[in-house]
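Asks: Produce the entire structure from the sequences given, and follow the hints as far as they go.
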Amino acid sequence: MPMYETDDIVEQKKRAKRKKNLIRFGVILAAAAVGVALYATNDIWLPKLRGLGKQYTTIVNDGKLAKGNFPIEINDSESFQMACADNILCVLSDANIYFYSSEGSLIKKRQHAYASAVMKTAGERVLLYESGGNRFSVEDRTDIIYSKNFTENIMFVRISNEGYSAVVTSSDDYDCEISVFDRDGVLIYNRKCVERVNDISFTAESKGCVVSYIYAENGSLVTSVQEIAFTESQEKWNSAGLDTSGIQVSGFDGGAAVIGIDACGYVDESGNITSMYHYDGDFVGGACENGKTAVIINSGETRKYTAVLFDGGGKEPLILDFESPLVDVTVQDGLAYIMRQSSIEAYDFSGGLRSTAQIAESYTGFARAEGYMYLKGFEKIDRINYES
Numbered sequence: 003m004p005m006y007e008t009d010d011i012v013e014q015k016k017r018a019k020r021k022k023n024l025i026r027f028g029v030i031l032a033a034a035a036v037g038v039a040l041y042a043t044n045d046i047w048l049p050k051l052r053g054l055g056k057q058y059t060t061i062v063n064d065g066k067l068a069k070g071n072f073p074i075e076i077n078d079s080e081s082f083q084m085a086c087a088d089n090i091l092c093v094l095s096d097a098n099i100y101f102y103s104s105e106g107s108l109i110k111k112r113q114h115a116y117a118s119a120v121m122k123t124a125g126e127r128v129l130l131y132e133s134g135g136n137r138f139s140v141e142d143r144t145d146i147i148y149s150k151n152f153t154e155n156i157m158f159v160r161i162s163n164e165g166y167s168a169v170v171t172s173s174d175d176y177d178c179e180i181s182v183f184d185r186d187g188v189l190i191y192n193r194k195c196v197e198r199v200n201d202i203s204f205t206a207e208s209k210g211c212v213v214s215y216i217y218a219e220n221g222s223l224v225t226s227v228q229e230i231a232f233t234e235s236q237e238k239w240n241s242a243g244l245d246t247s248g249i250q251v252s253g254f255d256g257g258a259a260v261i262g263i264d265a266c267g268y269v270d271e272s273g274n275i276t277s278m279y280h281y282d283g284d285f286v287g288g289a290c291e292n293g294k295t296a297v298i299i300n301s302g303e304t305r306k307y308t309a310v311l312f313d314g315g316g317k318e319p320l321i322l323d324f325e326s327p328l329v330d331v332t333v334q335d336g337l338a339y340i341m342r343q344s345s346i347e348a349y350d351f352s353g354g355l356r357s358t359a360q361i362a363e364s365y366t367g368f369a370r371a372e373g374y375m376y377l378k379g380f381e382k383i384d385r386i387n388y389e390s
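Under our numbering, the first residue of the sequence shown is numbered 3, with each subsequent residue one higher.
In case anyone wonders, no lab produced these hints; they're calculated from the structure. Each hint should be verified, as a subset may be incorrect.
[Stated by the list, open to error] In the EDC-like style, the derived pairs of lysine to aspartate or glutamate whose C-alpha atoms are separated by at most 16 Å in a straight line are:
1) Lys69 / Glu105
2) Lys194 / Asp174
3) Lys209 / Asp184
4) Lys382 / Asp96
5) Lys110 / Asp145
[Unchecked claim] Distance windows between CB atoms, simulated:
6) Glu219 / Glu126: 38 to 46 Å
7) Arg305 / Ala115: 40 to 48 Å
8) Glu219 / Tyr148: 37 to 45 Å
9) Lys317 / Ser247: 21 to 29 Å
10) Gln113 / Asp255: 40 to 48 Å
11) Phe324 / Lys66: 19 to 27 Å
12) Asn274 / Asp145: 41 to 49 Å
All figures in this text were calculated on a predicted structure; none of them were measured in a lab. Note that beta-carbon positions come from the ideal geometry of N, C-alpha and C, so glycine has one too.
Replies: Here is the structure:
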């Protein structure tokens, strides 16, 4: 049997006690560090924690048509365009542009004298351009901020929330040319392109843009995307070709979404294709915001009416089936708003029905702003209250 001195036993007990105290101090220190980290990031995790197990109640709006200045009658055009600039309703006819308050009061009307005029809105600004012509202008409810003339024909123009404009024109020596103007109308970027540009989307704070090109590959039309920074001569990345003829591109932090005539998909910031969906029917419309994409598809032969929702790149699409044809779609504030012939419904990107309203069957589109839905008829605009 081993023998121990009394001093050895006492020293061993002291060492064991010190070790125990050190372990206890380490646990307290780690718990304090975790507490500090949780407190510093509570705005991220606390809303999610509060939302666990929460069931959203579907809001049923009454769909009652506004009175007073509504409906707004449009009598000077066979067809008209309608969009919202913040809480202002903008209407473009063949000869005039109108600005209305949310209550339907006329704020401003002016003649634009553009043939084949096209209207785009972003933030508080409205962009008008002459498709196939050589003029465009940027304005707000009070005045024209700037306008430009080109020697070449304008193919299309896009505007950012910061008021920047990207103009794509034809070119004698290249397929097309991109010119970018800042919010004051100063040219800040120019690019000559050897392939056909079909759409442009500004990146965050208008520091650059994503550009989609259509070209032939193995006998089919494909669409590729590249990201451009306005302060750099070389593009940041180029994507592989997506197997569709692109209609719309939308950039976001993780890459870009492409909506095409027969398919939609995503590419990441390295240019890799991360998602793809081919439509089973005819493309009706699509929209994208912050990486969330919604596309509506009608098939008259099979009586199949489908909405496809993508909650970002690299994810499987969510398919929603409907019993009646789909008319229009937009994505705002994380929800997909879908117009059918008799209703407007808002869905989250998990497929939950968040709100709905019954409408008449004579509308061809809608615009949403400040808790209202503006309903586009053939010669009039109605308004309903819409909470979502």
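Asks: Taking the hints in turn, state whether each one holds.
Replies: Outcome of the hint check:
{"no.": "1", "hint": "Lys69 / Glu105", "result": "holds (9 Å)"}
{"no.": "2", "hint": "Lys194 / Asp174", "result": "holds (11 Å)"}
{"no.": "3", "hint": "Lys209 / Asp184", "result": "holds (10 Å)"}
{"no.": "4", "hint": "Lys382 / Asp96", "result": "holds (15 Å)"}
{"no.": "5", "hint": "Lys110 / Asp145", "result": "holds (9 Å)"}
{"no.": "6", "hint": "Glu219 / Glu126: 38 to 46 Å", "result": "holds (41 Å)"}
{"no.": "7", "hint": "Arg305 / Ala115: 40 to 48 Å", "result": "holds (45 Å)"}
{"no.": "8", "hint": "Glu219 / Tyr148: 37 to 45 Å", "result": "holds (39 Å)"}
{"no.": "9", "hint": "Lys317 / Ser247: 21 to 29 Å", "result": "holds (23 Å)"}
{"no.": "10", "hint": "Gln113 / Asp255: 40 to 48 Å", "result": "holds (41 Å)"}
{"no.": "11", "hint": "Phe324 / Lys66: 19 to 27 Å", "result": "holds (24 Å)"}
{"no.": "12", "hint": "Asn274 / Asp145: 41 to 49 Å", "result": "holds (45 Å)"}
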